[in-house]
Each structure stands twice: as structure tokens, then as C-alpha cells.
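Colleague: Chains as they are written, first to last, in this note's numbering: chain A, 1 to 332; chain B, 1 to 332.
Keep in mind the hints are simulated off the structure, nothing from the lab.
It cannot be assumed that every hint is accurate.
Since the list gives no way to pick out one identical chain from another, each pair is judged satisfied if it fits inside one copy or across any two copies.
[Said to hold, decoys possible] When the alpha-carbon atoms are kept at most 35 Å apart in a straight line, the in silico DSBU-like pairs for lysine-lysine are as follows:
1) Lys172 x Lys89
2) Lys33 x Lys319
3) Lys99 x Lys28
4) Lys167 x Lys319
5) Lys291 x Lys28
6) Lys256 x Lys293
7) Lys99 x Lys89
8) Lys99 x Lys33
9) Lys89 x Lys33
Protein chains: 2
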Amino acid sequence: MAARYDILGFGNAIVDVLAFADDDLLAKHSLNKGAMQLVDETTAQTLYDAMGPTTIVSGGSAANTIIGAASFGCRTAFVGRVKDDEPGKMFAHDIQRAKVDFATPASPNGAATARCLVFVTPDGQRTMNTFLGACQNLTEADVDESIVAQSSIIYLEGYLWDPPAAKAAFVKASKIARSAGQRVALTLSDAFCVDRYRDEFLGLIRDGSVQILFANEHELHSLYQTGDFDTALGLLRGEGLLAVVTRSEKGCVVVKAETSVAVPAFPVESVVDTTGAGDLFAAGFLAGLVKDKDLATCAKLGAMAAAEIIQHIGARPQKDLALLAADNGLVL
Amino acid sequence: MAARYDILGFGNAIVDVLAFADDDLLAKHSLNKGAMQLVDETTAQTLYDAMGPTTIVSGGSAANTIIGAASFGCRTAFVGRVKDDEPGKMFAHDIQRAKVDFATPASPNGAATARCLVFVTPDGQRTMNTFLGACQNLTEADVDESIVAQSSIIYLEGYLWDPPAAKAAFVKASKIARSAGQRVALTLSDAFCVDRYRDEFLGLIRDGSVQILFANEHELHSLYQTGDFDTALGLLRGEGLLAVVTRSEKGCVVVKAETSVAVPAFPVESVVDTTGAGDLFAAGFLAGLVKDKDLATCAKLGAMAAAEIIQHIGARPQKDLALLAADNGLVL
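Input sequences plus hints: build the corresponding full structure.
Modeller: Here it is as C-alpha cells:
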């Protein structure tokens with residue numbers, strides 16, 4: 001039976017609130033540049049009050065990836081929890097209008113839809129503060145067995161380890177996918193997230209729960225607790241899965257057993273906001289995999305999508321990525 | 001006594017909801033490309049449902065201009081009505097954080113904060129659909145006589161003629177400003193808006209209510225009901241006020257009695273979204289006037305600010321305009 005979806009994503013359903021900020025503002029609020037920290041609703045309000053004028057765009061790491069993959073022409077679906085409030089309606093509108101199937105019911109009460117306050121510094125770096133809110137309501141019950149079994153790739157974000165009940169949804173989806181002979185991809189999400197759940201993430205990698213891994217350099221160093229890139233890459237290669245390590249302007253490295261493919265970063269005019277760079281890299285790479293492209297082409301598609309996203313505010317693509325790929329000689 | 005504010009703006013307080021769209025979508029919903037139409041809340045919902053993924057940024061024509069002027073370093077304030085709802089709080093947060101004094105109280109009940117659904121086509125053109133909502137609650141009572149009298153330039157948008165009570169606020173502000181020896185600037189806003197209120201706008205120009213006029217080519221043609229630019233410009237010159245006509249990529253022309261200054265458009269890498277181009281042109285021009293620059297420099301500042309705004313989504317500047325001016329040799 002042909003798969004119903006090319007990629008099915010599970011993630012925190014978040015609306016991003018972005019503003020430009022200088023390094024002094026980060027320091028004043030003790031924000032760790034480049035990282036994602038979890039905040040409660042009161043802290044979220046304090047940080048919002050301190051932000052400059054904002055741009056509001058739907059976000060969420062895995063959701064961004066799924067939307068990117070849809071823009072590349074993949075058949076996609078997403079599972080994540082919002083509340084039935086204005087931001088929740090915005091999230092649902094935006095993902096559905098991006099041609100992604102999104103049917104997780106909005107919570108009628110309880111915490112508000114999650115928001116991420118993103119401070120963007122002049123170097124384009126983003127510093128994220130997430131109030132998880134309604135994401136806490138994602139549970140095993142939101143995992144539809146038949147849909148998971150009919151999806152070629154299940155894409156899961158490491159951030160799902162933060163809301164306690166979502167982890168169970170993650171594990172359930174992974175088990176169903178494996179039983180159905182489908183592949184499971186995981187992004188490590190954030191170096192501090194890896195620090196919180198290192199042993200569990202290594203467990204998923206080593207017990208066969210995950211066949212495809214995305215990490216950036218910082219996350220890789222955190223995973224293996226080493227500051228040496230080659231040491232970390234050697235350890236990653238030893239895990240035996242298909243792994244992609246992104247290195248910002250240094251491009252990326254794809255490893256699988258003895259295979260290594262290095263692809264340079266895609267040229268950009270100017271970096272405005274790196275929010276979503278990793279998410280969109282994963283979108284391009286997975287779109288290539290789904291279309292049976294070689295690993296170098298997959299990596300080039302990822303680099304191209306990341307380059308699109310960092311040249312404007314927000315982590316949702318503003319161009320049709322399939323057209324952009326064709327314009328760049330990357331036929332899907 | 002030195003003025004308290006360089007520029008005090010009155011306008012509709014609006015949150016913009018922007019999405020990319022193709023010409024077919026405009027045709028399907030009978031939208032008049034490049035224009036602003038007023039819609040009721042039901043139509044606003046229908047159009048929202050039809051829009052692609054959105055970016056939400058505070059807007060409002062005069063508000064955009066005032067924020068641009070603040071970014072140029074002018075002392076500014078804004079008068080406009082929102083409701084005490086989430087979009088209203090966003091509007092207030094964004095304008096206050098842009099260092100503009102904004103003290104108009106939010107309406108506790110009644111219609112929702114105004115929103116403008118903006119369809120951005122691949123040519124960068126924007127087509128606007130405005131639900132006025134809480135803007136209907138702006139009245140004469142919101143005009144603070146002492147603040148108006150202490151502001152060097154009062155900036156008013158033609159769109160204020162749409163919500164019936166706002167017109168009275170406009171007229172009151174203009175009278176106070178003139179009595180106090182301050183200048184009043186008006187933007188004609190939109191060719192269809194001119195069509196709705198042509199005689200009243202000509203009345204304001206001819207009875208001395210307005211000393212500075214901003215119009216684009218289409219609005220100028222609508223004002224004088226002629227398709228010939230030179231004819232319209234000749235009639236405008238005859239009015240005797242300081243008038244600036246913007247012509248998109250053809251630059252602008254400033255006229256005052258026998259004086260004429262033509263300044264080319266500022267170079268841009270690529271046009272993404274023209275929303276706010278006219279608003280930011282006015283911001284730069286007025287910032288120059290406030291700083292006693294010659295008319296050509298004022299026009300260059302306007303062209304530079306317009307160029308910044310059309311290279312990204314939304315009508316609020318993403319760069320510090322005073323710094324950008326300095327980088328371009330335009331010292332304020």
C-alpha cells in the first residue's frame with residue numbers, strides 16, 4: 001500500500017513573537033544567546049513588555065519543518081496541541097493554508113496556546129523563550145495509529161521531551177512507525193535540551209527508535225560531552241544511523257557508517273534572522289530523501305531552504321521552495 | 001516655548017495581517033489590486049479564511065509614518081483607537097516600544113481592534129481589506145488641545161474620513177494647530193478614498209486647513225480627475241501649498257509655487273512587499289522638514305525609508321532609520 005503521507009511531524013505547536021534586540025537587552029534579562037529556554041507565563045509577559053515592536057508568525061520547530069517539506073511538494077501532516085484561542089486559530093489557519101493536514105483538536109480550556117518570544121540580535125542570531133502552555137496537553141491519545149503506520153517518515157522534535165505527556169506520544173508514534181516498517185527522524189532541537197535529556201536521546205538512538213538524526217554542531221557536542229568536533233562526529237558515525245550535522249556558515253556533514261558527505265552553506269545576501277534555519281534544513285533534506293535523491297542533493301536542498309529562511313523574519317518560508325529548488329537546478 | 005513633539009499623528013489604529021497571494025486569488029474575491037477597500041467583519045473572516053499563512057505586524061497608515069519618524073529620531077506621539085483586546089494590546093505595545101507616545105485609551109467594549117488583511121502579490125503590490133472596528137470610536141474628545149498646540153507638525157491621514165466621528169477629530173486638530181501657528185500635513189491615503197471624499201479634501205487644501213500634502217500619482221489623478229500627470233501637477237502647484245507626489249520606481253516630485261524638486265527612487269535589491277511605502281516616504285520627508293533640511297534632502301530621506309520598507313514584509317521599519325540615513329550620507 002502506498003503511504004498516505006511522505007512526512008508526519010509531531011511537535012510543540014507554537015506562535016512566534018519576534019523582535020529585534022541588542023546584546024544589552026539579552027544581558028539585562030540574563031538570556032543565553034542562541035539558546036531556547038522555557039519560561040512561565042509571568043516571565044513571558046515580563047519579556048514581552050521588554051521587547052521592541054514585534055512580528056507574529058506561526059512557528060514550532062517540527063511544524064516549521066513540515067511546512068517547509070509541504071512547500072517542497074511533499075504530502076505532509078502535523079500533530080500538535082493549541083488552545084482554542086486567537087493564537088491557536090492563527091496556528092491552525094497558517095499550517096492548514098500551507099497545505100499540511102492538521103487535525104489535532106484545540107484544547108477548549110486550560111493553558112493558552114504556546115508562544116515563543118524570540119529576540120533577534122543584529123548578527124541574526126535568535127534567542128528563544130518558550131511558554132509551553134497548551135503543548136502540555138499533547139498526549140498518547142493524539143497519536144492515530146493508522147496515520148502513523150501510513151507515513152513514510154515520522155519526524156519528531158527533541159523539544160517534545162519538555163512537556164511530560166508529549167514524550168509518551170513520541171514513544172508511541174515511534175513504536176507504531178517501526179512496526180509498520182516506516183522511518184523515524186529526530187532533531188535534537190537545542191544544546192540545552194540535549195543537556196536535559198542526554199541519556200534518553202542516546203537511548204533512542206541506540207535502541208533503534210530513530211533511524212535519521214538531525215543535530216547542529218552545538219547539540220552534537222552536548223550529546224557526546226566533548227568540545228572536539230571530529231571526536232563527536234566519530235562517535236556519531238559509530239551509532240550506525242543516518243545523521244546530519246549542520247554547522248551554520250560552514251555547511252553540513254552527512255554521515256552513515258563509512259559514508260561522509262560534506263556540503264557547503266548556500267550563499268545568502270544578508271542574514272536577517274536565523275530562527276528556523278535548522279528546521280528548514282531538515283525540511284529540505286527530508287524532501288530529498290522522500291524523493292529518493294542522493295545524500296548530497298538532500299543536503300543541498302536543506303542548505304537552500306535554510307538560506308531562504310534566514311534572509312527574513314520568522315521561520316516559515318516566504319517563497320515556494322519547490323520553485324526555488326528548480327530555479328537553483330535542484331530538480332525534485 | 002519649544003514644541004513638545006516634532007510630529008503628532010492621528011490615524012486609524014490597525015493591525016496588519018499579511019499573506020502572499022497570486023493574482024487569481026485577488027480575482028476570485030473581486031479584489032482591486034493595489035487599492036484599500038473597507039470590509040465588514042464577516043467579509044474580513046471570509047477573506048482571512050482564503051489567505052495563505054500570515055505575518056502579523058502592527059500597521060495603520062499614519063501610525064506607520066509616526067513610527068518611521070521616531071526611528072529617524074523625531075519626538076513623536078500618536079492618537080488612534082484600539083479595543084482592549086489582544087490585537088489592541090499588540091498595537092499599543094508595538095507603538096510604545098517604538099518610542100512613540102501613545103495615550104489614547106483602548107475602548108473597553110464595542111467592536112474589535114481594526115485589522116487590515118493585506119494580500120501581497122509576487123510583484124510586491126499590496127491589496128488591502130480593512131475592517132475598521134474600534135477605529136469608529138475615535139472622536140473629538142480624543143483630541144488634546146494642549147498637545148496639538150505643542151506639536152510642530154500635525155499629520156493626518158485621509159483614511160480618517162472613513163470612520164464618521166474621526167473626521168470631527170481631524171477638523172478639530174487642524175483648527176487647534178493653525179491657531180497655535182503649527183503646520184498640518186495630510187496624506188491622501190488611497191485613490192478610492194480620494195474618490196469618496198474629493199470635494200472635502202479639496203476644501204481642506206483650499207481653505208488653509210492643510211499646509212503640507214502627500215499624494216501618490218494615482219491619488220493625484222483621482223483628486224483632479226485627470227489621467228495626465230503634468231496637468232494634475234500643474235493644478236496641484238496652483239494650490240500654493242508644499243506638496244509631494246510619489247511615483248513608485250519613478251521617484252518623487254516636490255512642488256511649492258514655482259519651486260520643483262525631483263528626486264529618483266532609492267535603489268533596492270528586490271521588492272518583497274510595498275505595504276507602507278508611502279507611509280515611510282512621508283516619515284522620511286517629515287523628519288527632514290523637522291530638522292530644517294532642504295527639500296531635496298527631505299525627499300531623499302523619504303525615498304530611503306520607502307526603500308527599506310518595501311524589502312521586507314510589513315509596514316514598520318526593521319532597521320534604525322537614523323543609522324541608515326547616516327550610512328547613506330544623509331545626516332539628520
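Colleague: Hint by hint, say whether it matches the structure.
Modeller: Here is how each hint holds up against the structure:
| no. | hint | result |
| --- | --- | --- |
| 1 | Lys172 x Lys89 | within (27 Å within a copy, 40 Å between copies) |
| 2 | Lys33 x Lys319 | both (28 Å within a copy, 21 Å between copies) |
| 3 | Lys99 x Lys28 | between (41 Å within a copy, 19 Å between copies) |
| 4 | Lys167 x Lys319 | within (33 Å within a copy, 41 Å between copies) |
| 5 | Lys291 x Lys28 | between (47 Å within a copy, 33 Å between copies) |
| 6 | Lys256 x Lys293 | within (15 Å within a copy, 64 Å between copies) |
| 7 | Lys99 x Lys89 | both (16 Å within a copy, 31 Å between copies) |
| 8 | Lys99 x Lys33 | both (33 Å within a copy, 25 Å between copies) |
| 9 | Lys89 x Lys33 | both (30 Å within a copy, 27 Å between copies) |
In summary, the structure agrees with every hint in the numbered list given earlier.
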